[in-house]
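Protein chains: 2
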Amino acid sequence: MKRYLIPIVLAAAFAGCKQQSAQPVGVLTEPTSASTNTPGREYPMINPDLTVEFQVQAPEAREVAVDICSKVYPMQREGDGPWTVTTDALEPGFHYYFLVVDGMRLSDPSSQLFFGCGLDASAIEIPEAGADFYLEKDVPRGEVRMQRYWSPSMNAWRTCYVYVPAEYDANPGKRYPVLYLQHGGGEDQTGWSRQGKADIILDNLLAARKAVPMLIVMDYGQAGDFAHILLEELIPMIDKTYRTQPDAAHRAMAGLSFGGGQSWSIGLKHPEVFSSIGVFSSGMFGGVGTGAYAPFSVESQLPELLADPAAFNKAHPVFYLSCGEGDPRIGHTRAAAEALKAAGATVQFKAWPGAHEWQPWRKSLHEFCQLIFR
Amino acid sequence: MKRYLIPIVLAAAFAGCKQQSAQPVGVLTEPTSASTNTPGREYPMINPDLTVEFQVQAPEAREVAVDICSKVYPMQREGDGPWTVTTDALEPGFHYYFLVVDGMRLSDPSSQLFFGCGLDASAIEIPEAGADFYLEKDVPRGEVRMQRYWSPSMNAWRTCYVYVPAEYDANPGKRYPVLYLQHGGGEDQTGWSRQGKADIILDNLLAARKAVPMLIVMDYGQAGDFAHILLEELIPMIDKTYRTQPDAAHRAMAGLSFGGGQSWSIGLKHPEVFSSIGVFSSGMFGGVGTGAYAPFSVESQLPELLADPAAFNKAHPVFYLSCGEGDPRIGHTRAAAEALKAAGATVQFKAWPGAHEWQPWRKSLHEFCQLIFR
Numbered sequence: 125m126k127r128y129l130i131p132i133v134l135a136a137a138f139a140g141c142k143q144q145s146a147q148p149v150g151v152l153t154e155p156t157s158a159s160t161n162t163p164g165r166e167y168p169m170i171n172p173d174l175t176v177e178f179q180v181q182a183p184e185a186r187e188v189a190v191d192i193c194s195k196v197y198p199m200q201r202e203g204d205g206p207w208t209v210t211t212d213a214l215e216p217g218f219h220y221y222f223l224v225v226d227g228m229r230l231s232d233p234s235s236q237l238f239f240g241c242g243l244d245a246s247a248i249e250i251p252e253a254g255a256d257f258y259l260e261k262d263v264p265r266g267e268v269r270m271q272r273y274w275s276p277s278m279n280a281w282r283t284c285y286v287y288v289p290a291e292y293d294a295n296p297g298k299r300y301p302v303l304y305l306q307h308g309g310g311e312d313q314t315g316w317s318r319q320g321k322a323d324i325i326l327d328n329l330l331a332a333r334k335a336v337p338m339l340i341v342m343d344y345g346q347a348g349d350f351a352h353i354l355l356e357e358l359i360p361m362i363d364k365t366y367r368t369q370p371d372a373a374h375r376a377m378a379g380l381s382f383g384g385g386q387s388w389s390i391g392l393k394h395p396e397v398f399s400s401i402g403v404f405s406s407g408m409f410g411g412v413g414t415g416a417y418a419p420f421s422v423e424s425q426l427p428e429l430l431a432d433p434a435a436f437n438k439a440h441p442v443f444y445l446s447c448g449e450g451d452p453r454i455g456h457t458r459a460a461a462e463a464l465k466a467a468g469a470t471v472q473f474k475a476w477p478g479a480h481e482w483q484p485w486r487k488s489l490h491e492f493c494q495l496i497f498r
Numbered sequence: 125m126k127r128y129l130i131p132i133v134l135a136a137a138f139a140g141c142k143q144q145s146a147q148p149v150g151v152l153t154e155p156t157s158a159s160t161n162t163p164g165r166e167y168p169m170i171n172p173d174l175t176v177e178f179q180v181q182a183p184e185a186r187e188v189a190v191d192i193c194s195k196v197y198p199m200q201r202e203g204d205g206p207w208t209v210t211t212d213a214l215e216p217g218f219h220y221y222f223l224v225v226d227g228m229r230l231s232d233p234s235s236q237l238f239f240g241c242g243l244d245a246s247a248i249e250i251p252e253a254g255a256d257f258y259l260e261k262d263v264p265r266g267e268v269r270m271q272r273y274w275s276p277s278m279n280a281w282r283t284c285y286v287y288v289p290a291e292y293d294a295n296p297g298k299r300y301p302v303l304y305l306q307h308g309g310g311e312d313q314t315g316w317s318r319q320g321k322a323d324i325i326l327d328n329l330l331a332a333r334k335a336v337p338m339l340i341v342m343d344y345g346q347a348g349d350f351a352h353i354l355l356e357e358l359i360p361m362i363d364k365t366y367r368t369q370p371d372a373a374h375r376a377m378a379g380l381s382f383g384g385g386q387s388w389s390i391g392l393k394h395p396e397v398f399s400s401i402g403v404f405s406s407g408m409f410g411g412v413g414t415g416a417y418a419p420f421s422v423e424s425q426l427p428e429l430l431a432d433p434a435a436f437n438k439a440h441p442v443f444y445l446s447c448g449e450g451d452p453r454i455g456h457t458r459a460a461a462e463a464l465k466a467a468g469a470t471v472q473f474k475a476w477p478g479a480h481e482w483q484p485w486r487k488s489l490h491e492f493c494q495l496i497f498r
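Residue numbers (our numbering), protein chains in the order written: chain A, 125 to 498; chain B, 125 to 498.
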């Protein structure tokens, strides 16, 4: 727990190209294969200025492009060589991308794939200078358990992911609080651990004694009547299968984007089940073609707060909103936080650098988990 | 444990197209979306005769084809419509496939992806009439735990998968035997649970009391000195982290193809560490451009058997070879089994229908796990 292995681990992760010498976390000194590449693939290659060079073998294609961070970069080639392009400098963090080959949008065989955008999508991890809270360190490691359970309402088996802290098996008499953590639209139960690195974030927090040991349950939220699944099927299964503290005081809910809306519409609306609530980068406050909740008003969306602010605040010891500063949702989220404060809520609001992407969500989880279950 | 939900579960899994009525396991009565499709995608669609219709949207492509089961099927289109093709009848089981778009071999956005062939690859699951041992049933469900550990020799964090039976947490005083189970070339530690359905197979066996409750450890075997990783890093970590029976009598090793060779070269060669050994569809006996072991001879590859057959058989209570009848490795594997028997080994050999694919490997695991730790 004292020895930090980050430089070594980074060097190993990026070893597809060349070995790197020890250096500050997240700072590249030479072109480096992305940690998200398929094992053994050299490209995409990240340059020290965070531009990225892509290479694609497509000898018979007429047009190839890379579609990343809302920009399409046409690729070039010389003779029969590979198609190549170097992007602008990219924001640190995790970005989905696609190849466009003769008009067809496809995943890149050179990238590991992550379920997002409704399918297994290519992505690239751009290191952030100084950010080590989601990197693997020499600390006790919890597990993510793939927990299958039968859903009567869906008439199907489901698989949720359950983060279990390293100490769990060694404390058979101890019970734990539970955070229910939801993915965004087009993602699934794998998102928070694979893209979000939730388990690594918690391992690091727990080793530093910055969070209360907790379970984190991640399930697929875009199927059927998810409120019913969550309240009537998932939570009872978790409380039966794991050593939980099965009451609202020890149950929190958070989510990103679509899942942030669910944290509000299910979590905040069931104070008998959940106490602390996190809403990360949700479109529910307006501004991006949102649904039923926009335009946001405390009167229409949270009359229980106006009725009794003290009771509301007592029921929700942590009420946390966040958004990326480059996310079109930022203005409405900030305004909603102000309106909630004006109505008497002890809401916490945080704006992070970045767009509607995983880097603000990782940071939101990192902060939220330090606040809850205290 | 009495109610079998297979017809219902199959109907749910294949619900992308149409609802199906209850019917015999693995028998389709109408065109049905594959269970391996990306959620919500209608195609590929399996017909009752096990031909498969593929559809691809690639408006600007000049040539599109499907490459599946060693055959390339050129796709056709009418006007600006989707590219389509219907394959020959496919063998039941799990088949990797690729799209070939203007000469570029790509994964299909309509398919969930599975790490195989060295990258995240498309695949299709063709049901087998009457085969339900790898289908989800209404039985107690174990977990697959993603267990991270530090590898000094690799100077990196690794993630192995650990199957833990449903009863494990409820029996804190009980210790368990461990099967170390290796994937094939171009696959990784996710293969046996995702493609192989190892956890479902064990859940079903344990519910029927046809196997001894055991842990199954699945790690990535194509990195560094895997014998060293397995013997000096992985096994000590597992014995420290889980309630194992940490001796050779309660440790088995098995693997498919490349991993079958490792079961021989590491497992069988370390009787002080492992007892029972399974070698599924390995090329090590010759016949398919094999490596150091071919041509196989007991004299050169297993002199310890010739030296003392009784001691060898006592050290390896189960010594199991298997191969698909349509696999080019079948002849040499059968001959090796005969030679081993002639040399006094109590080897068990099984030929399954099918090629060098997952269906024979699922069946091999299903049989092997019923034999070991008795």
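Please note that the accuracy of each hint is not assured.
Since the list gives no way to pick one copy over another, a pair counts as held whenever it fits inside one copy or between any two copies.
Simulated crosslink set (DSS-like; lysine-lysine; CA at most 27 angstroms straight-line) [to be verified]:
no.	residue 1	residue 2
1	Lys364	Lys393
2	Lys261	Lys364
3	Lys334	Lys195
4	Lys298	Lys474
5	Lys298	Lys438
6	Lys393	Lys261
7	Lys465	Lys364
8	Lys465	Lys261
9	Lys364	Lys298
10	Lys195	Lys364
11	Lys474	Lys364
12	Lys438	Lys261
13	Lys465	Lys298
14	Lys465	Lys195
15	Lys195	Lys438
Derived by calculation from the structure, the hints in this document are not laboratory data. Remember, it's a predicted structure, so these values are computed and weren't measured experimentally.
Taking the hints in turn, this is what the structure says about them:
Taking the shortest Cα distances, Lys364 and Lys393 sit within 27 angstroms of each other inside one copy (23 angstroms), while across copies they are farther apart (43 angstroms). Taking CA atoms no more than 27 angstroms apart as the test, Lys261 paired with Lys364 passes between copies only; the shortest distance there is 19 angstroms, against 32 angstroms inside one copy. Taking identical chains as interchangeable, the C-alpha atoms of Lys334 and Lys195 are never at most 27 angstroms apart, the minima being 38 angstroms within one chain and 56 angstroms between chains. Taking the closest pair of Cα atoms, Lys298 and Lys474 never come within 27 angstroms of each other, the shortest separation being 33 angstroms inside a single copy and 47 angstroms across copies.
Proximity of Lys298 to Lys438 under the C-alpha cut-off of 27 angstroms is restricted to the intra-copy arrangement: shortest distance 26 angstroms within a copy versus 43 angstroms between copies. For the homomeric pair Lys393 and Lys261, neither the shortest alpha-carbon distance inside one copy (38 angstroms) nor that between copies (35 angstroms) is at most 27 angstroms. Proximity of Lys465 to Lys364 under the C-alpha cut-off of 27 angstroms is found in neither arrangement, the shortest distances being 38 angstroms within a copy and 50 angstroms between copies. Taking the closest pair of Cα atoms, Lys465 and Lys261 never come within 27 angstroms of each other, the shortest separation being 38 angstroms inside a single copy and 50 angstroms across copies.
In the homo-oligomer, the alpha carbons of Lys364 and Lys298 lie at most 27 angstroms apart both inside one protomer (14 angstroms) and across protomers (20 angstroms), since each shortest distance falls under that limit. Taking the closest pair of Cα atoms, Lys195 and Lys364 never come within 27 angstroms of each other, the shortest separation being 47 angstroms inside a single copy and 49 angstroms across copies. Taking CA atoms no more than 27 angstroms apart as the test, Lys474 paired with Lys364 passes in neither setting, with 35 angstroms inside one copy and 41 angstroms between copies. For the homomeric pair Lys438 and Lys261, neither the shortest alpha-carbon distance inside one copy (36 angstroms) nor that between copies (44 angstroms) is at most 27 angstroms.
In the homo-oligomer, the alpha carbons of Lys465 and Lys298 never lie at most 27 angstroms apart, since the shortest distance is 37 angstroms inside one protomer and 53 angstroms across protomers. In the homo-oligomer, the alpha carbons of Lys465 and Lys195 never lie at most 27 angstroms apart, since the shortest distance is 37 angstroms inside one protomer and 64 angstroms across protomers. With identical chains, the CA atoms of Lys195 and Lys438 are never at most 27 angstroms apart, being 45 angstroms at best within one copy and 65 angstroms at best between copies.
Checked against the numbered hints given earlier, this structure breaks hints 3, 4, 6, 7, 8, 10, 11, 12, 13, 14 and 15; the rest are met.
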